[in-house]
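A.B. asks: Here is how the chains run, residue by residue.
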Amino acid sequence: MSTDTSCAINYKKVDDIIASIGAKKQNLIAILQKVQEEFRFLPQEAIAYIGTKIDGLSPAEVYGVATFYAQFSLEPKGKYEIKCCDGTACHVRGSMPVYTYLTQRFNLEEGKFTSKDGLFSVETVSCLGACGLAPVVVINGKVYPQMTTDAIKIVIDTLVAKEQEG
Amino acid sequence: MANTLFINNKECEYTNEPNLLEVIRNNGFNVPTFCYRPDLTQYGACRMCVVEIEGRGLQSSCTMPPEPGLKIHTNTERTRRVRKIVLELLLANHDRECTTCNKSGNCELQKYAQEYGIEDIRFAGKKPQDFLPIDNLNPSIVRDPNKCILCGACVRACSEFQGHSVLGFANRGSKTVVQPFAGRTLGSVDCVFCGQCQAVCPTGALTIKSDIERVWGLINDKDKKVAVQMAPSVRVALGEEFGLNPGENVIGKLNAALRQLGFDLIFDTNFAADLTIMEEANEFIERLNKGENLPLFTSCCPAWVRYLETHHPELLNHLSTCKSPEGMLSPVIKELVPKYYEGYDKENLYVVSIMPCTAKKAEAIRSQLMKDGRFETDVVLTTQEIAKMIKSAGINLAKIKPEKNDSPFGQYTGAGTIFGASGGVAEAAVRTAYELVTKETLTNLDFKPLRGVDKTHRTKEAIVDIKGTKIKVRVVSTLKEAEKSLRELIEGKADYQLLEVMACPGGCINGGGQPRSCDDSKIKELRAEGLYKEDIELPLRKSHENPDIQKLYNEFLEKPNSHKAHELLHTTYSDMFKNSYKDFSNK
Amino acid sequence: METEVKKLNIDINEEEKKARELINKQGLRVLVCNGTGCIANGSNEVIEKFKELGADVGILEENKKMVTVPTGCHGFCEQGVLVIIPDFDITYVKVKPDDVEEIINSHIKDGKPVERLLYTDPKTNLHVYKNEEINFYAKQSRTSLKNCGEINAECIDEAIAKGAYRALSKVLEQNNPEAVIEEIEKSGLRGRGGGGFPTGRKWRFTAANRGGKSYVVCNGDEGDPGAFMDRSVMEGDPHKLLEGMAIAGFAIGADEAYIYVRAEYPLAIKRLRIAIKQAEERGFLGKNIMGSGFNFEIHIKEGAGAFVCGEETALMASIEGERGMPRPKPPFPANCGLFGRPTLINNVETLANVPVIIDKGAQWFSSFGTEKSKGTKTFALTGEVNNTGLIEVPMGTTLREIIFDIGGGIRNGKKFKAVQIGGPSGGCLTEEHLDIPMDYDNLIKAGAMVGSGGLVVMNEDTCIVEVARFFMHFTQNESCGKCVPCREGTKNMLKILEKIVRGDGEMKDLDTLEELALAVKEGSLCGLGKTAPNPVLSTLKYFRDEYIAHIKDKKCPAGVCSALKTYKINEELCKGCTKCARNCPVGAIEGTVKNPHKIVQAKCIKCGACIASCPFKAISLV
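Chains as they are written, first to last, in our numbering: chain V, 1 to 166; chain H, 1 to 587; chain R, 1 to 622.
Hints listed in this document are in silico derivations from the structure and should not be mistaken for laboratory results.
To give an idea of the interface, some chain H residues facing chain V are shown, with a C-beta separation under 7 Å as derived from the structure:
1. 164
2. 172
3. 582
Glycine included, C-beta positions come from ideal geometry on N, C-alpha and C.
Please construct the entire structure, taking both the sequences and the accompanying hints into account.
C.D. replies: Shown next, in the form of structure tokens:
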């Protein structure tokens, strides 16, 4: 891990999450999802901590689960999480130019997915199940249908403007 | 009752084999495998053991239970195609610097690549700049992720034997790696260095850190005198490296070979095992009398000691303060050899120990085992390493004539020799404790319930009646089992007074430093048989009857647990959980 | 086995009657599609508008009130937002919030339909009023999707009014699990999630281990890119699924169940949670269901983004909190599944078919379909067809009917080239397969599979090699990494395909590709790996010429593969409008206003954004 993702963590919050869901191995994924919701990513310390708090799990095993599922991020995600659907329908209808536009717009190098200002993160997802509206982009849960490079530009411009105002 | 099925058109019998692969092997055939290890759960990942079953296509034989009448073919065009592609794909992604690899000659990937004639690799592999760093920062185990084929055997060993999963998978798909938490080094997590991960590793991804050159350096230094000691279990396993049967006792041959290699004095850790019993049995009796710090935990196994220190520092008061036999013998050698042998002094005397164990290498550099600014044991070699040294010196162990070891630390009893199998320490301790307390002669020396080294014997118990006092002795091997006993203790439910723990399944005979035996679970049973055979054959079978031990106490140590004994033979422990990566108490 | 008839404490017929009355009393129903697709098109706003403007519409002759009903997916996502007024027998398409006032004033108040919001048939160019006359719906027979789009999924009474829990009531009353299994066996229902294993047989295997703890697991990890039928059922008619699960639980003797839903479906998760709660409150789930003594508790497990978790053993590992890596079979889940207990695992669509089989009988169900594939099947029709969306047709319907009748043919009058069936596990079929009746066995024979039912239609502008690369990229990315053939084999297959697409391919690569494909297919541990080579094998079989064109001629016949093409601006056609330059993500287009522009080839990433943006068709591929 090249990036330093250590930060002061409120362990009490992790404790509360574990207590609310139940300190059982079968709840691990749900616990990680809540923790990620809390911190917007999974800090390494939180992963180790969870590994010491649930019977039958080790930090290495929790790390293994956290790195297996695409939903989990060990690096901070942007304020705006942009998901470009690259399912088959979106792909054949031109999702890649939209994705390329976004990576260029935020100057994302290979292997990086969050813009330098931490505002936007861009990733492709396999299928959002909105194939009838292909290609789609989802930003913080909101689905934007039938995207083109033109259309996504307007969406991003609006968000950027909103940030600059606020 | 035997059933039959067909392997390569031959009717074959099977009984209780858990899978087709075992049936195939028991009937004179073989299929290759990387991930199947009989003592671990089936995994089915490497796909090398695929066989063609009529009506069912290709199936991995390691995961398929036998059924009567199945028609199996082990060597068809289809099975060969899958195996060859698997090998080619693995090799493409593998650091193929075979000649300088520690595992060369012992590597299953290398072996099958040769058998299947993989001569051309069509797929581009990892570029050197993509190679991951090698972890060789701990004293016991070297982890080279560039040689890992992701068979998962180490991950399963760490979880299923030791229960604490220091190694795990990370990432997914072709980015998958096996690593400790977040890619840390083994030394910076709570690894206890038992070495079972490397014992099951088919390639050079996990190997024993070699100290061979250090030992040659000592031997070749004219100004240094080198004494050597070897653990009980080494003698019943070393022969395998030279074509002898598992369990065959080669102690005399080993003595001779070591002399040939140039060691100056040859002693035997078995002697020190008897010494350990003297100390530990007395310690146990004392704790029983006082009712303090019970149950008593044995302390011979360095992986177990480290486990307590890293996982349960609050229970360290239960741990016997006795050093391990090897740990006792080294300072005794350094203290007393100069008194018996001319030309030896504390400064020029070095001790090398030959152990079945990788954790011993880490134990040897404990600060508590230092004296006068030096480690009491200078170098620890594993059984595998001494085999290499003997081979490189051009000695054929199988043919060399046996020799005796040197005195005064060479004689041992049957009690000392059974230390090498799980249950042996407890049995030896009971033999002595019984007679010390009752002052009566124990007639039946065989504590059968404490014996057995297969997977069904990882927790064993016996109740010993010492003149009306019933003592419950519990023996466990693997730390996963140990943890269960500790939980009972923590929950106040422990009903045992003595707990023997060996981290390796079956005890030292199956230690991480022993010759490779991971594809055959019977081997450790044969080794254990070899030890129990020697026990019966030896004239003395109780530690306190060892005349050299008696002499040592009379002339030097006075009595068990004396001040002098404490100084040389006992040790202290420390809380290694505090400030570790798992300690969040201050955050 | 006990077969004594049980007296239940809930009379489902009475409940249904009450629910109907309740709904009738509410007034004129205006159904607004509120599926994920229509929400993206603004259906929430449309609903708000209807509620706002229609709140006091005390309009009609009978002086009925108007009630806005947000429903699940109608399937015709392309035309969203869809608004249906069943009493008027009319469907409005592409409704915007601003249109609501007109619909209310003109149609609801004055009885004059708003013609401009009607669907226009692309073939006849005529307005279509009735739902069932829209060609998209005309050839469908909706069974598992029946209520999707007709009811408010968050209101259990709407489901009960449509007959929900009638089948469950029936089996609990008859109290004969064996009879339930027999009925499912007789129906010929086969697993709708991919392989098509006979459902009844699966139930029987699991039921054979009756006695101790066992589980029902619903596989809602619909991961195939290009398939979303399970999402529609979960979002649009969750009670149908819950009922199917409870019947399955009763049949095999399980009292606990899990629905594993992919995290990408937050709406489905929300609606399932609401549905479970409501069903428990009404006594259709939970302890002592309808007074029968049968207990059945359903939990929801959210996935976390791993396609492989659609594989049943990986899914169970995931529910147990582990990395979703498949486990070897045997042991089969029926013997040793979730938490080591006997487990019945079926996908959403399969379970959603169960209530109707029990309710209407196996014979009714098996009257649909072909000899070996009974009933109806949902397909997600996407890609280059006019009508994209979710459809349900009898097994055995031909591709031609689906693509050209239901789907309305290829967009923009282009030529049909291929259809990809079954997602990353399936294959590409061509013109010659358009008339084979689609069922499990015919598709396997043709080198594809029903899979989860994704149908992606491709036209002449689609590069088949690129599509094969796309799927291999997908499976490679989603491989769990456990077994060698899938982990390393798909990676190297992808490398070869990338090489070909890049224009660096050699003819011997095709042999290596085929050899690898075979080894991956035969040697992999789980279904994901075993089927991963299908897209490559089927395209190699039917479109080998295209591979060869890439390798030998260094040409992409469809003009897709960017390495094999360059974009050029025709100076005569270019008006210098600067639109292309503004749309180029990398600033590779130079030129001044009103003067012909130029593409700097060194900078061009060949994304095609310029070609799409040019209003004068001045940019082309060379």
